[in-house]
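Residue numbers (the numbering used here), protein chains in the order written: chain A, 1 to 321; chain B, 1 to 284.
Just so you know, the hints here were simulated from the structure itself, not pulled from any lab data. A couple of the hints might just be wrong.
Unchecked claim - Part of the chain B face toward chain A, derived, beta carbon under 10 Å:
(1) 32
(2) 96
(3) 100
(4) 163
(5) 220
(6) 224
(7) 226
(8) 241
Unchecked claim - Quick list of in silico lysine-lysine cross-link-like pairs, DSS-like style, CA-CA up to 27 Å:
(9) A/237 to B/187
(10) B/236 to A/123
(11) B/81 to A/237
(12) A/286 to A/74
Computed from a predicted structure; not experimentally measured. Using N, Cα and C, we set each Cβ at its ideal position, and we do this for glycine too.
Given next are the chains, with one letter for each unit.
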Amino acid sequence: MNLDFEQSITEIEQQIADLQKKAEADGSNVKSDLSSLQKKLEAQIKKVYSELTPWQTVQVARHPERPIMRDYIKGMFSEFIDLHGDRCFGDDQALVGGFATIGSHRCVLIGMDKGRTVEEKIKANFGMSNPDGYRKALRLMKLAEKYQIPVVSLVDTPAAYPGREAEERGQAEAIARNLTEMAGLKVPIVVTVTGEGGSGGALGIAVGDSVLMLSHSIYSVIPPEGCAAILWRDAEKAPEAAEALKVTAPSLLQMGIIDEIIQEPVGGAHRDPAATFTATRSAIVKRLSKLKKLSEHKLLAQRREKYARIGKYDRRRHSTH
Amino acid sequence: MGWFRRSRKKQTQPVEQVDLWTICPSCKAHIYKEEWAKALMVCAKCGFHDKLTCHERVACTVDEKSFRELDRDIKPRDHLKFSDAKSRYADKAKETTEELGINEAILTGRATLNGIPIVLGVMDFRFIGGSLSSGVGDKIYLASDYALRHKRPLILFSASGGARMQEGIVSLMQMAKTCAGISRLNKAGIPYISVLTNPTFGGVSASYAMVGDLNIAEPGALIGFAGRRVIEQTIKQTLPPDFQTAEYLLAHGFVDRIVPRSEMKDLLAKVLCYGRRGKPPCKP
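Pulled out of the complex, with its shape left as it was, chain A reads as follows (with noise of 0.2 Å):
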């Protein structure tokens, strides 16, 4: 499936499809003239994602065939054992967690799946976790704690769930519960945005030593059709909002907010999901051999400091103006 603004690639997609047709029918010899659309096909790619706007990245990042929890559990991890519940209430099927091992590291992976069949995106709430999500994967959290092995967390989610048992539950507790909680985790914790960063929602489960995004992922305090909504008064702006609102990438790196980007195949991780695992995979083993070096003091400073660093008052570069 292409995006709006991919027509120029459907364009070329289609010319290579009535070639083939074409041959098909008439055994016609059009090896010279496929292998040149071809090229043409994948220099177009190319440009048209060299050159996304903020908006057009937000479409990316939500791309229905965008790899999604279930496939970087396959894609990534040699084995994972999941585990169920919060021990409160039940089992939140937005998030999934357990024991895992990526490379040589055993871990325990916590994420949100948003489901790939319309039956299962309602059995996970489209990635939107409850209370019971968030409490789960402290519980996991904790674990990992007692058990001394790191925690490697996939985010991907439009947001926390607004509903009406989500606040009787306690929405708000549980995510700040998480935040509090993985402020003073005693293991190492590798944050990747591999979709949608929604929010409080994404937060919840994205503290951590390093925190790595894909590079058509987003990360956004709200989602820009929200913002276009309130400030704008006009949901229509949402692709105003995504640009002055910095959700991508490099913008977030440029702002010391994420410490890597991981670079997506050409057309995005849709387009070829095992290289993106790879690298995705690549990226966090990478990070968990240079964390697990740190002793605990270290460990929790360094965190510690990451966060107090951000939006920091620089007296010296700030009271002049």
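Let chain A serve as the given structure and place chain B on it in line with the hints.
Chain B only, in chain A's frame:
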């Protein structure tokens, strides 16, 4: 002609009198302004707790003349060069600062409360909806740092619509930063009490405001994660009238107590006496 003049004079008189009265925003009762102020903006008829400015809150919470402000110089910073359809964030922040005479949506400082040394933070909803900016996050983190170094309990009064959108992701990260500050107090055994006032939502309720050793709320305060309208649009149902009130949160187990404004200071002093970890008891 004199008759006309007299009549005009009479007409202007009631206008002057209205100034002495205020109308309760909740029950619309007319209340004598002096009484209203004496009752700390609490309606004598219906018990409605109106919003306080940060200065009013400080005045009714800590000992007279004991408050010393910390980090007063911290101001909003326009990290994203943000502007929307109407205005630039930098201009809006500057205007708000000049209009209100405060630099950010929170006032922090050290003070004594019935003689007990504390660190206090008080949010001000008038300042861009009490939104959590990098300045607010920094002031809270520094207040927690001060509390840690001087072994003083920290008390934060929240009043906020959530994160400050105009500071984008930097604002979101203040949730993690302030909680990192609270986490250190937890490890050091320094008391942290959160007082939730009307309204406390979004990025503030989902960070420092909900993780107090005690969460205390003012009567009737609206407290939640998502706004009522957003939830109604999502679930396509109307919500109960008491949804997200302090009383509703008490019933669901997320606040410890609901404390009327007039009793807040004494209650805070009493509970602080339990968190002294072997130090001699205090006399509130």
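Taking the hints in turn, this is what the structure says about them:
1. For residue 32 of chain B, the suggested interface contact is broken, since its CB lies about 38 Å from the closest CB of chain A, more than 10 Å.
2. Taken as an interface hint, residue 96 of chain B does not check out: its beta carbon lies about 15 Å from the nearest beta carbon of chain A, beyond 10 Å.
3. With 10 Å as the threshold, the beta carbon of residue 100 of chain B stays out of range of chain A, its nearest partner Cβ sitting at about 19 Å, so the hint is violated.
4. Checking residue 163 of chain B against chain A: minimum C-beta separation of about 5 Å stays under 10 Å; hint holds.
5. The interface hint given for residue 220 of chain B is violated, since its Cβ lies 17 Å from the closest Cβ of chain A, which is over the 10 Å cut-off.
6. The interface hint given for residue 224 of chain B is met, as the beta carbon of that residue sits about 5 Å from the closest beta carbon of chain A, less than 10 Å.
7. Using the Cβ-Cβ criterion of 10 Å, the hint placing residue 226 of chain B at the interface with chain A is satisfied: the shortest such distance is roughly 3 Å.
8. For residue 241 of chain B, the shortest C-beta to C-beta distance to chain A is roughly 13 Å, which exceeds 10 Å, and the interface hint is violated.
9. For the hint pairing residue 237 of chain A with residue 187 of chain B, the CA-to-CA distance comes to about 45 Å; that exceeds 27 Å, so the pair is violated.
10. Between residue 236 of chain B and residue 123 of chain A the alpha-carbon distance is near 19 Å, which keeps this suggested pair within the 27 Å criterion.
11. The straight-line distance between the Cα atoms of residue 81 of chain B and residue 237 of chain A is roughly 18 Å, inside the 27 Å bound, and the hint therefore holds.
12. For the hint pairing residue 286 of chain A with residue 74 of chain A, the CA-to-CA distance comes to about 19 Å; that is within 27 Å, so the pair holds.
Going through the hint list in order, the structure does not satisfy hints 1, 2, 3, 5, 8 and 9.
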